[in-house]
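So the sequences go chain by chain: A and B. Quick note on the UniProt record's numbering: the first sequence kicks off at 1 and runs consecutively. Quick note on the UniProt record's numbering: the second sequence kicks off at 1 and runs consecutively.
If you're looking for bench data, these hints aren't it; they were derived computationally from the structure. Hints may be right or wrong, so weigh each one.
To be verified - Heads up, simulated SDA-like pairs for lysine to any residue below, C-alpha to C-alpha not over 20 Å straight-line:
hint: 1; chain 1: B; residue 1: Lys291; chain 2: B; residue 2: Asp260
hint: 2; chain 1: B; residue 1: Lys314; chain 2: A; residue 2: Arg273
hint: 3; chain 1: B; residue 1: Lys107; chain 2: A; residue 2: Thr28
Unchecked claim - A few chain A residues facing chain B, derived, Cβ under 8 Å:
hint: 4; residue: Phe44
hint: 5; residue: Lys275
hint: 6; residue: Phe317
Beta carbons: idealized from backbone N, C-alpha and C, even for Gly.
Number of protein chains: 2
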Amino acid sequence: MLSLEIIREAHDRIRPYIHRTLVLTNQTINDRAGAELYFKCENFQKIGAFKARGGLNAVLQVAQNHEGTAITTHSSGNHAQAVAFAARQVGLPAYIVMPRTAPQVKKDAVRGYGAEVIECEPTLEAREAGVRAVMAQTGAVLVHPFDDDRVIAGQATAAKELIEDFGQGDQQPFDTILAPVGGGGLLSGTALITRYLSPTTRVIAGEPEGAADAILSFRSGQVERAPYIQTIADGLMTTLSERTLAIIRAHVTDILTVSDPEIIAAMRLVWERMKIIIEPSCAVPLAAVLKHPDQFAGQKIGIILTGGNVDLGKLPF
Amino acid sequence: MLSLEIIREAHDRIRPYIHRTLVLTNQTINDRAGAELYFKCENFQKIGAFKARGGLNAVLQVAQNHEGTAITTHSSGNHAQAVAFAARQVGLPAYIVMPRTAPQVKKDAVRGYGAEVIECEPTLEAREAGVRAVMAQTGAVLVHPFDDDRVIAGQATAAKELIEDFGQGDQQPFDTILAPVGGGGLLSGTALITRYLSPTTRVIAGEPEGAADAILSFRSGQVERAPYIQTIADGLMTTLSERTLAIIRAHVTDILTVSDPEIIAAMRLVWERMKIIIEPSCAVPLAAVLKHPDQFAGQKIGIILTGGNVDLGKLPF
Numbered sequence: 001m002l003s004l005e006i007i008r009e010a011h012d013r014i015r016p017y018i019h020r021t022l023v024l025t026n027q028t029i030n031d032r033a034g035a036e037l038y039f040k041c042e043n044f045q046k047i048g049a050f051k052a053r054g055g056l057n058a059v060l061q062v063a064q065n066h067e068g069t070a071i072t073t074h075s076s077g078n079h080a081q082a083v084a085f086a087a088r089q090v091g092l093p094a095y096i097v098m099p100r101t102a103p104q105v106k107k108d109a110v111r112g113y114g115a116e117v118i119e120c121e122p123t124l125e126a127r128e129a130g131v132r133a134v135m136a137q138t139g140a141v142l143v144h145p146f147d148d149d150r151v152i153a154g155q156a157t158a159a160k161e162l163i164e165d166f167g168q169g170d171q172q173p174f175d176t177i178l179a180p181v182g183g184g185g186l187l188s189g190t191a192l193i194t195r196y197l198s199p200t201t202r203v204i205a206g207e208p209e210g211a212a213d214a215i216l217s218f219r220s221g222q223v224e225r226a227p228y229i230q231t232i233a234d235g236l237m238t239t240l241s242e243r244t245l246a247i248i249r250a251h252v253t254d255i256l257t258v259s260d261p262e263i264i265a266a267m268r269l270v271w272e273r274m275k276i277i278i279e280p281s282c283a284v285p286l287a288a289v290l291k292h293p294d295q296f297a298g299q300k301i302g303i304i305l306t307g308g309n310v311d312l313g314k315l316p317f
Numbered sequence: 001m002l003s004l005e006i007i008r009e010a011h012d013r014i015r016p017y018i019h020r021t022l023v024l025t026n027q028t029i030n031d032r033a034g035a036e037l038y039f040k041c042e043n044f045q046k047i048g049a050f051k052a053r054g055g056l057n058a059v060l061q062v063a064q065n066h067e068g069t070a071i072t073t074h075s076s077g078n079h080a081q082a083v084a085f086a087a088r089q090v091g092l093p094a095y096i097v098m099p100r101t102a103p104q105v106k107k108d109a110v111r112g113y114g115a116e117v118i119e120c121e122p123t124l125e126a127r128e129a130g131v132r133a134v135m136a137q138t139g140a141v142l143v144h145p146f147d148d149d150r151v152i153a154g155q156a157t158a159a160k161e162l163i164e165d166f167g168q169g170d171q172q173p174f175d176t177i178l179a180p181v182g183g184g185g186l187l188s189g190t191a192l193i194t195r196y197l198s199p200t201t202r203v204i205a206g207e208p209e210g211a212a213d214a215i216l217s218f219r220s221g222q223v224e225r226a227p228y229i230q231t232i233a234d235g236l237m238t239t240l241s242e243r244t245l246a247i248i249r250a251h252v253t254d255i256l257t258v259s260d261p262e263i264i265a266a267m268r269l270v271w272e273r274m275k276i277i278i279e280p281s282c283a284v285p286l287a288a289v290l291k292h293p294d295q296f297a298g299q300k301i302g303i304i305l306t307g308g309n310v311d312l313g314k315l316p317f
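One chain only, chain A, in its complex shape:
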């Protein structure tokens, strides 16, 4: 069980390597939502996404505990960069298995951190086979994108900072904190730390209709597959693991799904009004708030903006 103490240790471990990111507000979006929104800007995080946190927490421990002499993982994007970045900090080689369909800007960024990219077919099976091959050849240690307590503890530190900065002490606690859900690493970390630091706060997830596995798993209690996978939110296509599902079932209030047009509209609203670049996956929680105003009216709401790594050559506008 991931205790508060373990998350605090994770935060202390990664703090020298990460940004304590900004929290922004926007009057126009507040008016549109009928609520008071606080956006935790992990698009300004190292590597352009919150995944730096979990990747660092895992890789720093691999290095400190001498668990291996190289790191590997599979990822469609941000976790790949996170592991490459983290491996460079500790001086270990990194081998990153990426689907050949991943955005070029993300492959380039991984190579920019000095890691080796190994391309594979865009299926979970091909990705896992690629990682097994790397491990057999190099003895590298796997840092899984989400099915790893060290990664979850790292991801939890984003909501930890948000709560510490805007929802504790003399300040009114958040009514709701929202995060998107893909494999569930961020969501389960967010749910745990919110339970520890701000127990009256609901945690709600946003999920794309075109990758709607988490809502099914949340209801059935089993890890389910999505009925179909077709969404612009390319960071959220993975399914939960037993580990993340258990935490989510215990500590998350609800999962709300949104369509791709709703995601794109929310993304465009943030670009036009907040003047910051967020990736489609990132816009899912805001899209959920705008879709269900009755559930959020008048609330103080925290939203984790997860990343800003967009291929500018392939925008949906």
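Mind docking chain B on chain A? Use the hints.
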């Protein structure tokens, strides 16, 4: 002559209505430039651009001094929004003459602030004729986009904040502060306040090659026209006035020109690495720094990022 006291009064006057905007840094861009860059993020300002400052300082004085019962101006974009926004703050009607070619997002924003948009042909003559007609019909007071001491004093407050926050007291003063130049309101205000608060700091302007009037005027001492006007930097197409030229000749060190491809590359670098949305005009000073590394190597540099009002349907990527 615009004294330090007048700029301080302008800042006190507009402070309740504006954001004290963030200053961001980025390691990748510093490495690329070989210098230490501080970006003053006026893209996060009210109306999405620094022009809120000058517009407010003028309109607040029109209202307080009972100089008129309506406001008018002509502008291709951000000044239009600034005046519309400022007029709404004081409860005066605003009539904004805009070229019919101005981005739709800017026309919509002006109307969103409750102002009336009067479209005209995209020439300076048509714009000035449009304003004269409005003044004759409505008795509105003109707030010129740059040829107005009150506007210049307002624009000066952006660099004032930058210097106060990062270049005074125990901190090393800036070696250089850069701003783009169109009509010269921002540049002359920036040059004046820098002279007052940080006299060892050079002020340098960036100008598009496709609207290169200021560099000619700077050299000749006369207000010159650009040889041709064709640039993506749509906020910088205007020529200087006698007023702004005099200040610029007295207090600006140099004007550097950049091509549209250089502007687009700098804009893309900021979008991809800083994850913030800036308009093309805004990228001109960074393009100048990247083009002339010899002139800026090792320096502490402030750059005014002027605005983020981009038509997402018409991106140059």
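(request) May I ask you to test the interface hint for Phe44/A with respect to chain B, counting a Cβ-Cβ separation under 8 Å as satisfied? (result) Status holds, d = 6 Å.
(request) Would you check whether Lys275/A satisfies its interface hint, that is, whether its CB is within less than 8 Å of any CB in chain B? (result) Hint on Lys275/A: holds, closest Cβ of chain B at ~4 Å, below 8 Å.
(request) Please work out if Lys314/B and Arg273/A have their alpha carbons no farther apart than 20 Å. (result) Holds - the C-alpha atoms of Arg273/A and Lys314/B are around 17 Å apart, at most 20 Å.
(request) For the pair we were handed, Lys291/B and Asp260/B, check the Cα-Cα distance against 20 Å. (result) holds, 12 Å
(request) Given the hint that Lys107/B pairs with Thr28/A, test it: the Cα-Cα distance must not exceed 20 Å. (result) holds, 17 Å
(request) Tell me if Phe317/A is really an interface residue toward chain B, meaning its C-beta lies closer than 8 Å to one of theirs. (result) holds, 4 Å
Checked against the numbered hints given earlier, the structure satisfies every one of them.
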